[in-house]
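K.L.:
Each chain, letter by letter, is given below.
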Amino acid sequence: MPLYVEKKPERLITEEGVRTDGRLPHEIRPIRMTVGVLERADGSALVEWGGNRILAAVFGPREVHPKHLMLPDKALVRARYNMAPFSTPERRRPGPDRRSVELSKVIREALKPAIFVENYPGAVIDIFVEVLRSDAGTRVAGVTAASLALAHAGIAMRGLVAACAAGRVGEFVVCDPNHDEDMWGEADMPMAMMMESRKITLLQIDGPMTPEQFEEALNMAKRGIEFVYELQKEALKRPYVLVERRIRGV
Amino acid sequence: MPLYVEKKPERLITEEGVRTDGRLPHEIRPIRMTVGVLERADGSALVEWGGNRILAAVFGPREVHPKHLMLPDKALVRARYNMAPFSTPERRRPGPDRRSVELSKVIREALKPAIFVENYPGAVIDIFVEVLRSDAGTRVAGVTAASLALAHAGIAMRGLVAACAAGRVGEFVVCDPNHDEDMWGEADMPMAMMMESRKITLLQIDGPMTPEQFEEALNMAKRGIEFVYELQKEALKRPYVLVERRIRGV
Amino acid sequence: MPLYVEKKPERLITEEGVRTDGRLPHEIRPIRMTVGVLERADGSALVEWGGNRILAAVFGPREVHPKHLMLPDKALVRARYNMAPFSTPERRRPGPDRRSVELSKVIREALKPAIFVENYPGAVIDIFVEVLRSDAGTRVAGVTAASLALAHAGIAMRGLVAACAAGRVGEFVVCDPNHDEDMWGEADMPMAMMMESRKITLLQIDGPMTPEQFEEALNMAKRGIEFVYELQKEALKRPYVLVERRIRGV
Amino acid sequence: MLESESVVNTLLRDYLYDLVKEGKRLDGRTFDEIRPIEVKEGTFTKSEGEAWIKLGKTQVLVGVKFDVGEPFPDTPDKGVLVTNAELLPVASPTFEPGPPNEDAIEISRVVDRAIRSADAVDLNNLVIKEGELVYMIFLDMYVLDHDGNLDDALTIASLIALGRAKYPKVIYKGDGDVEVLDEKESLVLKDLPINFTFVKIGDALLLDPVLEEEMVAEASITIAINQEGKVCSIQKRHGYFTMEEIKKAVEIGRSKWTDVASVIRREI
Amino acid sequence: MLESESVVNTLLRDYLYDLVKEGKRLDGRTFDEIRPIEVKEGTFTKSEGEAWIKLGKTQVLVGVKFDVGEPFPDTPDKGVLVTNAELLPVASPTFEPGPPNEDAIEISRVVDRAIRSADAVDLNNLVIKEGELVYMIFLDMYVLDHDGNLDDALTIASLIALGRAKYPKVIYKGDGDVEVLDEKESLVLKDLPINFTFVKIGDALLLDPVLEEEMVAEASITIAINQEGKVCSIQKRHGYFTMEEIKKAVEIGRSKWTDVASVIRREI
Amino acid sequence: MLESESVVNTLLRDYLYDLVKEGKRLDGRTFDEIRPIEVKEGTFTKSEGEAWIKLGKTQVLVGVKFDVGEPFPDTPDKGVLVTNAELLPVASPTFEPGPPNEDAIEISRVVDRAIRSADAVDLNNLVIKEGELVYMIFLDMYVLDHDGNLDDALTIASLIALGRAKYPKVIYKGDGDVEVLDEKESLVLKDLPINFTFVKIGDALLLDPVLEEEMVAEASITIAINQEGKVCSIQKRHGYFTMEEIKKAVEIGRSKWTDVASVIRREI
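Chains as they are written, first to last, in this note's numbering: chain A, 1 to 250; chain B, 251 to 500; chain C, 501 to 750; chain D, 751 to 1018; chain E, 1019 to 1286; chain F, 1287 to 1554.
Chain A with its partners taken away, still in its complex shape:
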């Protein structure tokens, strides 16, 4: 228990807006995406985003078990968000907790609007998001990875779903909050969009924001999402080739 004590940094952001990891408010952490990391899954992707390592896999369309869950006119979409025991500083007990049950639902609802479910009546599409290493922003990295895995599996989609969080640290609105900001910042706002249609499929807020801060955060997250979307397209164009880029100005 006492092996992993975390200390709050003296300050989360300087007056000039320099963050604990040296980024400016609008900057995003380094991201690397690899499509097709697994053999047996129908689609898979590994997203390394800051210190996060998220593996997503998709199976389907396939037969539904148990049968009574089958939807006659469209595909059933299931998603599971799961944290590995070794993904956190202190070892995590395996199995779902309340947070991961909620995130599984949130991720499913983020992806479902993008899938042509009516193309696969009676089938199931199973999405698995495995957090191997967590470092703030696992759900947006997870949605990003799962969207790649869906595309890699050849599931018919209205477009890729890309995701990024914004947050509030003191009076600064920041893009892609890091671990410190997630722990001790004022507000966190993960968001996902279908970029082709500019539709928001995931939006959560935790922590108060004025209407002005909220609008700024929406725009900040959107710019992050646009960048993530470009990386996704690149990763899909050349599967098995790594896409990595450190950006200072989005």
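Derived from the structure by calculation, the hints contain no laboratory data.
Treat the hints with care, since some could be wrong.
Said to hold, decoys possible - With a Cα cut of at most 25 Å, we get these calculated PhoX-like pairs of lysine-lysine:
| hint | chain 1 | residue 1 | chain 2 | residue 2 |
| --- | --- | --- | --- | --- |
| 1 | E | Lys1058 | A | Lys8 |
| 2 | D | Lys940 | D | Lys919 |
| 3 | C | Lys508 | D | Lys934 |
| 4 | F | Lys1340 | F | Lys1455 |
| 5 | B | Lys355 | B | Lys472 |
| 6 | F | Lys1326 | C | Lys722 |
| 7 | E | Lys1208 | E | Lys1274 |
| 8 | A | Lys7 | E | Lys1187 |
| 9 | F | Lys1452 | F | Lys1326 |
| 10 | C | Lys574 | A | Lys67 |
| 11 | E | Lys1096 | E | Lys1187 |
| 12 | F | Lys1364 | C | Lys508 |
| 13 | E | Lys1202 | B | Lys258 |
| 14 | C | Lys567 | A | Lys67 |
| 15 | D | Lys828 | D | Lys940 |
| 16 | E | Lys1058 | B | Lys487 |
| 17 | B | Lys317 | A | Lys67 |
| 18 | B | Lys257 | D | Lys879 |
| 19 | F | Lys1364 | F | Lys1307 |
| 20 | B | Lys258 | D | Lys828 |
| 21 | A | Lys237 | F | Lys1326 |
| 22 | D | Lys774 | D | Lys807 |
| 23 | D | Lys879 | B | Lys258 |
| 24 | E | Lys1184 | A | Lys105 |
| 25 | E | Lys1202 | B | Lys257 |
| 26 | C | Lys507 | F | Lys1364 |
| 27 | C | Lys722 | F | Lys1415 |
| 28 | A | Lys7 | F | Lys1364 |
| 29 | E | Lys1191 | D | Lys879 |
| 30 | E | Lys1042 | E | Lys1147 |
| 31 | D | Lys828 | D | Lys916 |
| 32 | C | Lys508 | D | Lys919 |
| 33 | A | Lys8 | E | Lys1184 |
| 34 | A | Lys105 | A | Lys74 |
Keeping the supplied structure of chain A fixed, place chains B, C, D, E and F upon it in accordance with the hints.
P.N.:
Quick look at chains B, C, D, E and F alone, frame taken from chain A:
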């Protein structure tokens, strides 16, 4: 943990038979019954009995899930007795314990003989007894409420099931034991009857009684049940109207 | 908790090879087998082996529930190894733990090769091994008992499965390790065979052995198995008659 | 009881009802006759007190184990008794592996309630250090073969096992710790609350029903009687009874108590 | 929302969409109108603060209980708030008994997040001995009747129940033990973060949807606004929204906050 | 192995048996040839020691984490090793989410047994205060891609992860509390007990089977060999073997130990 310590009263009953809440041995606590408190349930009733608050709801006859539980020649009857986390002095962890599993069965067996189960082959009748506030005698109040909810749902019945407990406190046999008597009394005997036919459908005893005391307790409980039965009929005649009466001499 | 503290004996075996229970390395504990101890089961056997008391029962061939486990071309074989709460010095909490899940599988795999599963397409054969009293070697005694129960149930078999363990205590290889040897010995090797064909259907090792020790242990276990097999045949020939024998030299 | 009717069930029901009308039972017993009680010899558990008994073809095994632990906050001056029943899948083709179901929970609570309401086990005698450390008794009941009337069989076996139980003496060393002595103490049984189970078939009350009788009966009830002839606990099961039927069942139980108690006492 | 289409569902959907096109709703409300909030009088729980409210035909009961226990290691200077929601099977034919499912967990987390992110309950005030002993608040939310918009109903009931809650004062006696006084202390509510749930039907955003509206809606979202008009938490549910729709929903929520808050304040 | 026969399965079986008769395998290997072992570069976990390895197309990820806690009562002078395997649903269409099933439990126990029976991890070195506080090692094994022979892949990855693991030094401060230092200590691996899994197809023993070979094999067995060439643990799986086959498998394992050990040592 130490917030709710209960103390045994110095004495449970005076030599004149006055109980800790001022009642005489044969007296019953105030009861109020309201039928039709819920919109979505097929039948419902709220019974306020002393400090007890019991909500009962009935769904059915309806389709059985899972299918393999279906009985071809009659209705399946299920009952669940459940205590709310806020129903006891100390907060109760949600979910069934051994006591509530047993009481669910006892309540089901108290009501099933009154239902024309052969009228609903292949269907299920679901009875839910929710203890919102507990104050001794929740199972008899629960049976009473559930019987009202069954009638309110229009389930064909041989008659109402009414219930009341008797108990032994020292050498006194008392009607409708209160919390103190339940905790520190010598014996408790919940009972339920179909009043039309005078058949006993629930009988439990916990605590020793001589054959004479036992016979006295049977009669005491029966008189309580007769009174409860009258209240039930009144509550059903004018649904949505409250039936309340404090009785000193049954 | 502190009621049952076990102490390691000063030495597990003398230089002359005398063990803590007085046996020589090749000697087996007393065994008693009773076939047909239960009325309702299709087949049953009680094996008393040293301080072990193992009850095995077989049901089947019978219908599979749930249906989706059914195999169209052969019998499904299920086995459960279960320890009674009163089978160990300290009371054991009921329910499966990881060890009993593994042993259930190991026992199933030990018996399945002996069953003509193709004779019972679509059916299930259920094997229950109940450890009433444990004293080292419960899995070999369990396989032995279950094999008798299968035969008693009239299940078509390629032959009986008999089992016995060998172990290493210091530099001695011993037959049928006792409780002390199981706890503090160097290696344990339970083994089961279909004696007619000399095929090994169960083999586990826990603890290092040189190739020479390993070969000696294989032979030691095999001699024990041969003896157990003779007892099994005797027990089956005269059911309801006890077979007991203390052997000093196998 | 039977949840649903099949042709075989209907035939069985008709047959048993007809028998009862003639004053007979399936195995030739009278209505208030208890099956032979046999106590199997040998050591079958690692407990501090055990009994494997047969009531007719019904077989049960009960083991009593001891531990030390904290008392309940509201009874700092009493030992703790924990009761558990397992309907083992070996006992019947209808029993399934898994945690105790509704029936197993009810049975264990019925036996438990009889023992507790008669104050049969002297829990006050089981305190090591008041409010801190007491003996815990685990009464584990195993059903091995189910041919009806598990409650009475388990109650008899439990009383024998408790009466036979011996636990190690300990010396309290402070701080929740004890020194365990070699000397053993016998558990004190202050009473013998014996359960009597009846089923109703037609107008008849049948004591100690076999499985077939349980299957077709209209109603069933279990009544515990103690050595003073008091009614200690009752559990009405399915169906209904009149008041007169219940009073009659109590009387039969009272009249049979000595017979069963003498078997139990002989075996302790 | 509806998982699958049946003829009835399609008819309902068409009907509600047509209504919305005409600017109407099923129960005659305007798009941004909240159903009447009624607080039932009486005592229904054994908690230290409770509220049984009706939002239209939706009924919920919330109880607040207190205990004392250890603080979390990373917040030794704060009390503990535990939130739990139960979708009781009495509330809807589609709710089943059992541990909280995905929906129940999400709802309880949505209410919890609103309360926490607004810092509405002064947890710093609930420390008995820093790092050792604090008050624990259990906020148990019971859904009794489901006619849509459980989130907002539960949030309102929770705020009232918390605002009414009184807990016993205690004196720390050392060693994890306390003396409980008769005197009661009121829980301090520093803010009123109120949830506003919208569904999207066609181009319209409907506030406080009834069950049928929830069933046919394309999308839904819940937004918590506090007394300063800040957005405290958001949970987009199924479907999708444009940025403009979300900003509009926030504005509607801000404009309705005072109405709902005055009901809550009146009842505390 | 295959639980049941379909036409495809029969064809696969016939094909693989015919291949084996000709002395060949599906992927061209000899019978006793192990697939290439590749260790993926990078940091993928938040553990104190990790390894993501590929054995052919089988991929596994193992992480080692540390904690401090109480020792087991019967080993007050030893650290605690906890082993857990998860057959992630990403690894195969037949794996389902949920708690470890029979197969996962068996695999984790087979790896655990190999490590323990060879005394590979020096648990005596992991005591902070005898009888009170020791290091706890959590060995979590994740199966990412299942193309056969999970046991050997997980054993290799576990040994590398353990060999790489570094834990923080602590100073015991009394009362179950420690001061955590910045300095790290390497875990000591005293032995390399390596598992070798064989399947039997016809008369042949095939080392390191791929998934298809596992599916059609008559029998399988896993044998752990340590650096002294001792047999440390065996787990016969399904089917049966003759004594000669088992002895032959042990000999093959012994002959392959150095090859695998050199890969492990290179990566630590």
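K.L.:
Taking the hints in turn, state whether each one holds.
P.N.:
Going through the hints against the structure:
In summary, the hint linking Lys1058/E to Lys8/A is not supported, as the alpha carbons are separated by about 46 Å, beyond the 25 Å threshold. Our distance criterion of 25 Å between C-alpha atoms is met by Lys940/D and Lys919/D, whose separation comes to about 20 Å. Restraint check for Lys508/C and Lys934/D: the C-alpha separation of about 23 Å stays at or below 25 Å, so the hint holds. Distance hint between Lys1340/F and Lys1455/F is unfulfilled; the C-alpha atoms sit about 32 Å from each other, more than 25 Å.
The straight-line distance between the Cα atoms of Lys355/B and Lys472/B is roughly 22 Å, inside the 25 Å bound, and the hint therefore holds. Distance restraint check for Lys1326/F and Lys722/C: the Cα-Cα separation of roughly 45 Å exceeds the 25 Å cut-off, and the hinted pair is therefore not satisfied. Restraint check: the Cα-Cα separation between Lys1208/E and Lys1274/E comes to about 19 Å, which is no more than 25 Å; the hinted pair holds. For the hint pairing Lys7/A with Lys1187/E, the CA-to-CA distance comes to about 33 Å; that exceeds 25 Å, so the pair is violated.
At most 25 Å may separate the alpha-carbon atoms for a hinted pair to count; Lys1452/F and Lys1326/F meet this at roughly 19 Å. A distance of roughly 24 Å separates the Cα atoms of Lys574/C and Lys67/A; the hinted pair therefore holds under the 25 Å criterion. Distance restraint check for Lys1096/E and Lys1187/E: the Cα-Cα separation of roughly 16 Å lies within the 25 Å cut-off, and the hinted pair is therefore satisfied. Among the hinted pairs, Lys1364/F with Lys508/C is consistent with the structure: their alpha-carbon atoms are about 16 Å apart, no more than 25 Å.
Distance restraint check for Lys1202/E and Lys258/B: the Cα-Cα separation of roughly 23 Å lies within the 25 Å cut-off, and the hinted pair is therefore satisfied. Of the supplied pair hints, the one linking Lys567/C and Lys67/A holds, its CA atoms being roughly 13 Å apart against a limit of 25 Å. Distance check on the hinted pair: Lys828/D and Lys940/D sit about 15 Å apart at the alpha-carbon level, within 25 Å; holds. Between the alpha carbons of Lys1058/E and Lys487/B the distance comes to roughly 23 Å, so the proposed pair stays at or under 25 Å and holds.
For the suggested pair Lys317/B and Lys67/A, the alpha carbons sit about 13 Å apart, so the restraint of at most 25 Å is met. Taking the CA atoms of Lys257/B and Lys879/D, the gap is about 22 Å. The hint holds against a cut of 25 Å. With a CA separation close to 50 Å, the supplied pair Lys1364/F and Lys1307/F exceeds the 25 Å bound. A C-alpha spacing of about 16 Å is found between Lys258/B and Lys828/D, which places the hinted pair at or below 25 Å, so the restraint holds.
Straight-line distance between C-alpha atoms of Lys237/A and Lys1326/F comes to about 23 Å, which keeps the hinted pair within the 25 Å bound. Restraint check for Lys774/D and Lys807/D: satisfied, since their Cα atoms lie roughly 19 Å apart, inside the 25 Å limit. Proximity of Lys879/D to Lys258/B is assessed by CA-CA distance (about 22 Å); at most 25 Å being required, the pair is judged to hold. For the suggested pair Lys1184/E and Lys105/A, the alpha carbons sit about 36 Å apart, so the restraint of at most 25 Å is broken.
Distance hint between Lys1202/E and Lys257/B is fulfilled; the C-alpha atoms sit about 19 Å from each other, no more than 25 Å. Distance hint between Lys507/C and Lys1364/F is fulfilled; the C-alpha atoms sit about 17 Å from each other, no more than 25 Å. Proximity of Lys722/C to Lys1415/F is assessed by CA-CA distance (about 45 Å); at most 25 Å being required, the pair is judged violated. Annotation: proposed proximity of Lys7/A to Lys1364/F is violated, straight-line Cα distance about 31 Å (limit 25 Å).
With a C-alpha separation of about 22 Å, the suggested pair Lys1191/E and Lys879/D falls inside the 25 Å cut-off, and the hint holds. Of the pairs offered as hints, the one joining Lys1042/E and Lys1147/E is violated, with about 57 Å between alpha carbons and a cut-off of 25 Å exceeded. Under the criterion of a C-alpha separation no larger than 25 Å, the hint pairing Lys828/D with Lys916/D is consistent with the structure, at around 18 Å. Proximity of Lys508/C to Lys919/D is assessed by CA-CA distance (about 22 Å); at most 25 Å being required, the pair is judged to hold.
As the CA atoms of Lys8/A and Lys1184/E are separated by approximately 34 Å, the hinted pair breaks the 25 Å bound. A distance of roughly 18 Å separates the Cα atoms of Lys105/A and Lys74/A; the hinted pair therefore holds under the 25 Å criterion.
Hint compliance for this structure: hints 1, 4, 6, 8, 19, 24, 27, 28, 30, 33 are not met, and every other hint is.
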